[in-house]
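Asker: Protein sequence lines correspond, in order, to chains A and B. Each residue of the first sequence is one higher than the one before, counting from 1 in my numbering. Each residue of the second sequence is one higher than the one before, counting from 96 in my numbering.
Below, a list of computed lysine-lysine pairs in the DSS-like style, where the Cα atoms sit at most 27 angstroms apart:
1. B:K438 x B:K469
2. B:K339 x B:K328
3. A:K10 x B:K328
4. B:K384 x B:K478
5. B:K384 x B:K438
6. B:K290 x A:K10
7. B:K431 x B:K466
8. A:K7 x B:K290
9. B:K380 x B:K403
Here are a few chain A residues that face chain B, going by a calculated C-beta distance under 8 angstroms:
10. L6
11. R9
12. M12
13. L14
14. T15
15. P16
16. L17
17. S18
18. A19
19. P20
Everything labelled a hint here was simulated from the structure, so no lab data went into it. All C-beta atoms, glycine included, are put in the ideal place defined by N, C-alpha and C.
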Amino acid sequence: MMGNTLKPRKEMPLTPLSAPTFGSMGKTGSWRTFRPQVDYSKCTRCTICWIYCPDAAIKRREDDSPEIDYDYCKGCGICANECPVKAITMHREEQ
Amino acid sequence: MAQTIIDTANHIAGYAAKAARAKVVAVYPITPQTTVVEKIAEFVDSGKMDAEYICVESEHSAMVACIAAASAGVRTFTATSAHGLALMHEALHWAAGSRLPIVMVVVNRAMGAPWSIWPDFSDSLSQRDTGWIQFYCADNQEVFDTVIQAYKLCEDEQVFLPAMICLEGFILSHTYMPVKLPNQEEIDAFLPPYKSGWILDVNNPYSHSNLVSPEWYMEFRYMIHEAMENAKKLIPQIDKAYGKHFGFEYGGLIEKYKCDDADLVLLSMGTIGGEAKLTVEKLRKEGLKVGSARVRVFRPFPVEEIRKLAAETQMIATIDRHVSFGMEGFLATEVKASVFHEKDSPLVAGFVAGLGGRDVTAQTIEKIAEKSLKWLRMGKVEKETEWVDLRE
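Taking the hints into account, I'd like the entire structure generated from these sequences.
Answerer: Pasting the structure below:
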């Protein structure tokens with residue numbers, strides 16, 4: 001609700017109000033240094049990566065397999081760490 | 096029907112929460128506040144009070160539960176004391192910053208170490224800068240009246256801030272006094288249901304008080320400061336209106352007693368202000384022009400009232416049931432800051448007294464007055480901060 005343009009004080013609400021929006025900070029995937037990659041032949045569809053992703057950047061497909069949203073994945077590596085069958089691996093982003 | 100009952104300030108605080116129709120009460124018991132929450136539990140359990148009574152695991156949780164309830168547009172009440180209040184400290188900032196009109200009774204108790212269960216203002220005055228309005232009461236009737244007045248004030252859209260109603264442990268909390276309780280219809284007319292500026296609503300979702308960048312933060316803080324200034328204007332108006340309806344009025348921000356022609360004004364907070372009237376009576380009989388003024392609202396601080404007082408008297412002696420180690424009592428500091436730019440500002444002497452529940456009787460206050468008058472005759476305050484009744 002605050003937006004990016006500064007408002008005069010008299011037009012401000014008493015506290016900052018934030019309506020839910022998609023990616024208000026822009027595409028945070030650009031912050032990523034390491035990129036998670038899913039090996040679907042190893043994936044058991046356990047959905048643990050989907051549960052653990054702190055940025056909700058993993059979508060759960062119809063068949064419970066994960067789909068990483070690279071626009072918002074910051075590359076924290078939690079999914080790779082949690083995957084019980086090591087189906088997710090981290091790879092340095094190319095320059 | 097209005098009725099007069101004889102009860103303790105703690106029970107009276109419970110009656111006030113009920114009369115104000117607080118809908119969520121989230122509390123954790125602590126000596127000497129416990130009987131406040133026991134009284135409310137009794138009211139809720141017997142169906143006399145329609146409120147959600149939340150037993151929490153700590154004072155921090157009590158305040159956070161109140162914040163959540165107030166954010167959902169509900170009138171909330173809580174009460175605590177000393178270390179419980181200190182544990183709330185972080186959440187107190189959140190309540191004020193989120194502009195939520197939570198009303199809390201603080202039963203003043205000295206902070207440890209060493210452990211003490213007896214009163215002084217070190218607990219509530221440590222919360223001076225949290226953005227909470229602070230009232231200090233001198234008797235049980237004032238406790239009831241101030242709780243009602245506080246909701247009226249805090250829920251005003253010009254204010255939208257929380258308030259703590261402070262009363263000294265045991266001196267008031269466990270002392271029985273007659274109190275007039277107005278009838279419920281009259282209270283309801285004076286204090287209509289709470290209408291919040293915003294509510295958390297799943298059908299219209301948003302969050303408030305989220306992260307703001309430096310371009311925004313200062314303006315939000317300034318708005319809290321502005322709200323405090325608004326409160327300073329509204330408190331005397333609400334006090335007057337309350338007095339008109341219910342017969343009890345407390346001078347708004349500051350209660351003055353025989354200050355008009357006084358050479359010396361004894362300035363204090365809470366019950367010391369009540370006791371000081373006895374000292375004034377005695378000294379007046381001896382022909383000494385002494386008055387008493389009781390700061391009823393410490394935040395916002397009544398700067399203008401203090402200046403008016405300063406212009407009419409030659410000396411102000413502050414009596415603080417508090418000390419800021421390495422400096423003096425807050426009342427002394429604020430008074431000096433208030434009169435600094437005034438022409439012919441009076442002498443100001445600071446007295447620290449009554450820490451950890453040590454008695455401050457009319458005789459104690461008389462000693463303070465005598466020393467102050469001596470310094471006034473000399474035209475010089477010999478000791479900027481005097482600890483009263485301190486053993487060598």
